[in-house]
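Novice: Next come the chains, spelled out residue by residue.
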Amino acid sequence: MKVSITINGSAQSHDVEPRTLLVHYIRDQAKLTGTNIGCDTSSCGACTVHLDGEAAKSCTILAAQADGGAVTTIEGLAINGEMHPMQKAFMENHGLQCGYCTPGMVMAAIGLLNENPKPTDEEVRLGLEGNLCRCTGYHNIVKSVLAAANK
Amino acid sequence: MTGSILGNRVLRKEDPKFLTTGGVYVDDMHAEPLLAGAAHVTFVRSQMAHATILGIDISAALQAPGVIAVHTAASLKLAPETSSYNPGVSRTLLASDRVRYVGEPVAVVVTEHANQGEDAADLVVIDYEPLEVLIDIEAAMTSSTLIYPDAGSNIAVDSTLWGMPDVTGDDFFADCEVVVKGRYINQRLAPCPLEVRGSAVAWVDGRLFQWISTQHAQGVRDQINKSDSTSHVRVITPDVGGGFGAKISAYPEEIVLGRLALAVNRPLRWRETRSESMISLGHGRAQLQYITIGGNRDGKVLAYRLEAIQDSGAFVDVGAVLAPACTRPMSSGVYAIPKIECRTKSVVTNTTPIVAYRGAGRPEATAAIERAMDMFAAEIDLDAAEVRRKNLIGKFMQPHTTAIGQEYDVGDYEGALDLVLAAANYADLRKEQATRRARGDRNQLGIGVSVYVEITSGGTNHEDARIEVLPDGRAIVYTGTSPHGQGHVTAWSMIASEHTGIAMDKIDVVWGDTDLIPEGLGTYGSRSLQLGGAAVHETAIKLVEQAKIFAASQLEAAESDIVLDKERGVFHVAGTPAKSTSWGDLASSRANDGGLGYAHRFTSGGATFPFGAHVAVVEVDTETGKVTHLRQIACDDAGTVLNPLLLEGQIHGGIAQGSAQALLEEFVYDADGNPKTGNLAEYAFISAVEAPQIELVAMATPTPRNPLGAKGVGESGTIGSTPAVQSAVVDAVAHLGVRHIDMPTTPERVWLAINQ
Numbered sequence: 109m110k111v112s113i114t115i116n117g118s119a120q121s122h123d124v125e126p127r128t129l130l131v132h133y134i135r136d137q138a139k140l141t142g143t144n145i146g147c148d149t150s151s152c153g154a155c156t157v158h159l160d161g162e163a164a165k166s167c168t169i170l171a172a173q174a175d176g177g178a179v180t181t182i183e184g185l186a187i188n189g190e191m192h193p194m195q196k197a198f199m200e201n202h203g204l205q206c207g208y209c210t211p212g213m214v215m216a217a218i219g220l221l222n223e224n225p226k227p228t229d230e231e232v233r234l235g236l237e238g239n240l241c242r243c244t245g246y247h248n249i250v251k252s253v254l255a256a257a258n259k
Numbered sequence: 030m031t032g033s034i035l036g037n038r039v040l041r042k043e044d045p046k047f048l049t050t051g052g053v054y055v056d057d058m059h060a061e062p063l064l065a066g067a068a069h070v071t072f073v074r075s076q077m078a079h080a081t082i083l084g085i086d087i088s089a090a091l092q093a094p095g096v097i098a099v100h101t102a103a104s105l106k107l108a109p110e111t112s113s114y115n116p117g118v119s120r121t122l123l124a125s126d127r128v129r130y131v132g133e134p135v136a137v138v139v140t141e142h143a144n145q146g147e148d149a150a151d152l153v154v155i156d157y158e159p160l161e162v163l164i165d166i167e168a169a170m171t172s173s174t175l176i177y178p179d180a181g182s183n184i185a186v187d188s189t190l191w192g193m194p195d196v197t198g199d200d201f202f203a204d205c206e207v208v209v210k211g212r213y214i215n216q217r218l219a220p221c222p223l224e225v226r227g228s229a230v231a232w233v234d235g236r237l238f239q240w241i242s243t244q245h246a247q248g249v250r251d252q253i254n255k256s257d258s259t260s261h262v263r264v265i266t267p268d269v270g271g272g273f274g275a276k277i278s279a280y281p282e283e284i285v286l287g288r289l290a291l292a293v294n295r296p297l298r299w300r301e302t303r304s305e306s307m308i309s310l311g312h313g314r315a316q317l318q319y320i321t322i323g324g325n326r327d328g329k330v331l332a333y334r335l336e337a338i339q340d341s342g343a344f345v346d347v348g349a350v351l352a353p354a355c356t357r358p359m360s361s362g363v364y365a366i367p368k369i370e371c372r373t374k375s376v377v378t379n380t381t382p383i384v385a386y387r388g389a390g391r392p393e394a395t396a397a398i399e400r401a402m403d404m405f406a407a408e409i410d411l412d413a414a415e416v417r418r419k420n421l422i423g424k425f426m427q428p429h430t431t432a433i434g435q436e437y438d439v440g441d442y443e444g445a446l447d448l449v450l451a452a453a454n455y456a457d458l459r460k461e462q463a464t465r466r467a468r469g470d471r472n473q474l475g476i477g478v479s480v481y482v483e484i485t486s487g488g489t490n491h492e493d494a495r496i497e498v499l500p501d502g503r504a505i506v507y508t509g510t511s512p513h514g515q516g517h518v519t520a521w522s523m524i525a526s527e528h529t530g531i532a533m534d535k536i537d538v539v540w541g542d543t544d545l546i547p548e549g550l551g552t553y554g555s556r557s558l559q560l561g562g563a564a565v566h567e568t569a570i571k572l573v574e575q576a577k578i579f580a581a582s583q584l585e586a587a588e589s590d591i592v593l594d595k596e597r598g599v600f601h602v603a604g605t606p607a608k609s610t611s612w613g614d615l616a617s618s619r620a621n622d623g624g625l626g627y628a629h630r631f632t633s634g635g636a637t638f639p640f641g642a643h644v645a646v647v648e649v650d651t652e653t654g655k656v657t658h659l660r661q662i663a664c665d666d667a668g669t670v671l672n673p674l675l676l677e678g679q680i681h682g683g684i685a686q687g688s689a690q691a692l693l694e695e696f697v698y699d700a701d702g703n704p705k706t707g708n709l710a711e712y713a714f715i716s717a718v719e720a721p722q723i724e725l726v727a728m729a730t731p732t733p734r735n736p737l738g739a740k741g742v743g744e745s746g747t748i749g750s751t752p753a754v755q756s757a758v759v760d761a762v763a764h765l766g767v768r769h770i771d772m773p774t775t776p777e778r779v780w781l782a783i784n785q
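Just so you know, the sequences run in chain order A and B.
For the first sequence, the working numbering begins at 109 and goes up steadily by one.
For the second sequence, the working numbering begins at 30 and goes up steadily by one.
In short, the hints are calculated from the structure, not lab data.
Treat the hints with care, as some may be off.
To be verified - Partial chain A-side listing against chain B, Cβ under 10 Å, derived:
hint, residue
1, D136
2, A186
3, Q195
4, V232
5, L240
6, I249
Treat the numbers as computed from the prediction; the structure is a model and nothing was measured.
C-beta atoms are modelled at their ideal positions from N, C-alpha and C, and glycine is treated no differently.
With these hints in hand, go ahead and build the complete structure from the sequences.
Specialist: In structure tokens:
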């Protein structure tokens, strides 16, 4: 089947199998590999992107469901080479180690602040519960999100 | 001249890439021309924990859409390969006669597209004759069923057969007023790097090129060449999304890929699913401990015995030797115990093989002695901090040897304990605890104390580095270490820049390609800075010395008159800075004479012994058993600090993983050997919600064993935190008569401990 999705502002159209997940569409059809896959139970959040402005785990959505929608991935955040404040906050606060959870974590964190611009430490932790980091660098991830919220 | 960059909070050079485009992990290599047209690999895994294979029928799978080939050990002519640690333990890369754990690869399917593999793999029919399943290690020790009959026993590694003294009898504790015994389970954990295993292969002019997510490319190269001497493999490491010890060595799935690619005459890509990874990537810990501790009523410990039974899983991998090689030597911990004895036995079972996992043998040693100290203290009604203080090895700046025979480099354990108790306001915490107890609060406060020492870069004492300067003035550092989150690009650039004056942003760091870096020991065992970083340090110094010779020639001056202006990155004659030559000029002048560079192997003065003290503060809901880890106050001494930002990141992660073992995570099998926690929906992987608030206290006692004064820090947070958190949980309910709760201290276990 044919699906048309705008990814990072660029309109795209591809033939996919109906069972294709959005994350596979992003990685395999759109060739944007910044979005990672970390599990097969929708537990880890590594594949978090924005669909029509809201953070979503792209392994929980069929590409067909996103037909006609707009997706933003980690590659679409920086504008003219200038990092998004959340990306900067992660860099300045050592909010990433191996980097594998990072794209999903950053997208989830932006989604979190969109809903709750001034979260408490506890609210950040609850908001990121569905995004796992095995370097277990949660301390600095939370610090990064709070820093971005206070800018 | 500005000050040194070393010791500063330098932000990571790696980060912009990871934050804007993401890393390039092995599964992201769409652009690699050698992998054009690659087919996809899916393994067929055993669903039986222990069975004889009577037959494998691949006929239906061969007819499935997209299938290029289906192979087994027989069709690939795989020969048995023997464990490095027990000559009686052999297996083929794909199981041939017998399966020994659920998840073991038995056959392999090659398909045009990735999503066709799983469908085809389901059609491979394996005919099994079930065998008795051995999950419990103590049952496996005495069972007449042998998982490897040629080994003659399920006890695959025994410390006494390594020439280490056996444990003795009750006389060992004859002079003790108080003797306490314990049985502790240091439970099985799944390492769970967020990037699962993946690899890709292509044959290029009779050589195998293999990209792999690994911590040690050179070791993987040697493994593959040993298994298939015709491969002449070049191993290349893309970005690696975490390893934690489980990606040090290559696995059968990865080692067989080259022969499979040859058989189908196609480049191949393989990426496991998370559910596969949970059962076939090696597990960690899984040690049962019997302890006996004895001493006087005044709190002085006189004798300690540790009998460790290590679950080796269904193969004899490195996990089987961590107990004798790491747990046993560190059994004394930070304490001056006059008499110690320890025996370890490693036992094969029908479970996923055990490998190294963050700490690898040392967390087990620390957990045992710290728990033993707590139970001894409880028996004589002494405070947890006080019993430790009474028994600590005094500050030493010359090597100290414990009763078990392990030499430590330098240590100031009481210093660390004092710092952390002060930072935690320990006395106030005890007051609050007493108040809550007196009130009979539902939520009780628990305070756990641990003091630890661990061994880093144990077993390896050297590392290679090479620095090349290019005509444009840039430099490339080639390192034998292999970063996967530790920040070596930043750290090695800092060190190289410090000595050469070449700006950090003009320094690239290269690792993990065995053609470019034939010698290297990779990244594990908290070894990288003290060996790899020290190698960069010495190489940079020698490079500058060599460059001065060339500069002297170019500037027509005596070598001894040449100075390096690190501000400008140029060499000039002392006193005449106007007449200078730059790194780029020198490299250009050497373009036809082998270039400008230096290669060097650093050899250290031995392993180093980071230490520290932790205080864990937890709240326990006495009606539900739920534990909340409120605070972790930690003093971790890793010697001289190169970059506090990186150091703290390592400690934060270590503490959270340690908390996860104490409170949450456990890999569990049913009696038939079926995994009950085989995916991330079932395994209690720690999240930001459970991770504690962390307060770090700085302490830095340099080691004399390398020129940086650095000790390892990648695992110490885990080693120090786990026993403190477990102790805090027990402490919260100690007034209710509880002396011990095994890890993970789940609500069910805590509730049962309170109510039984």
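Novice: State for each hint whether it applies.
Specialist: Status of each hint after checking the structure:
Residue-level restraint check for A:D136 holds (minimum Cβ-Cβ distance to chain B is 8 Å; threshold 10 Å). The interface hint given for A:A186 is met, as the beta carbon of that residue sits about 5 Å from the closest beta carbon of chain B, less than 10 Å. A distance limit of 10 Å between C-beta atoms decides the matter here; for A:Q195 the minimum to chain B is near 4 Å, and the interface restraint holds. Contact between A:V232 and chain B, as hinted, is supported at the beta carbon level, the nearest pair being about 7 Å apart and thus within 10 Å.
With its C-beta approaching chain B no nearer than about 6 Å, A:L240 sits inside the 10 Å limit, and its interface hint holds. A distance limit of 10 Å between C-beta atoms decides the matter here; for A:I249 the minimum to chain B is near 7 Å, and the interface restraint holds.
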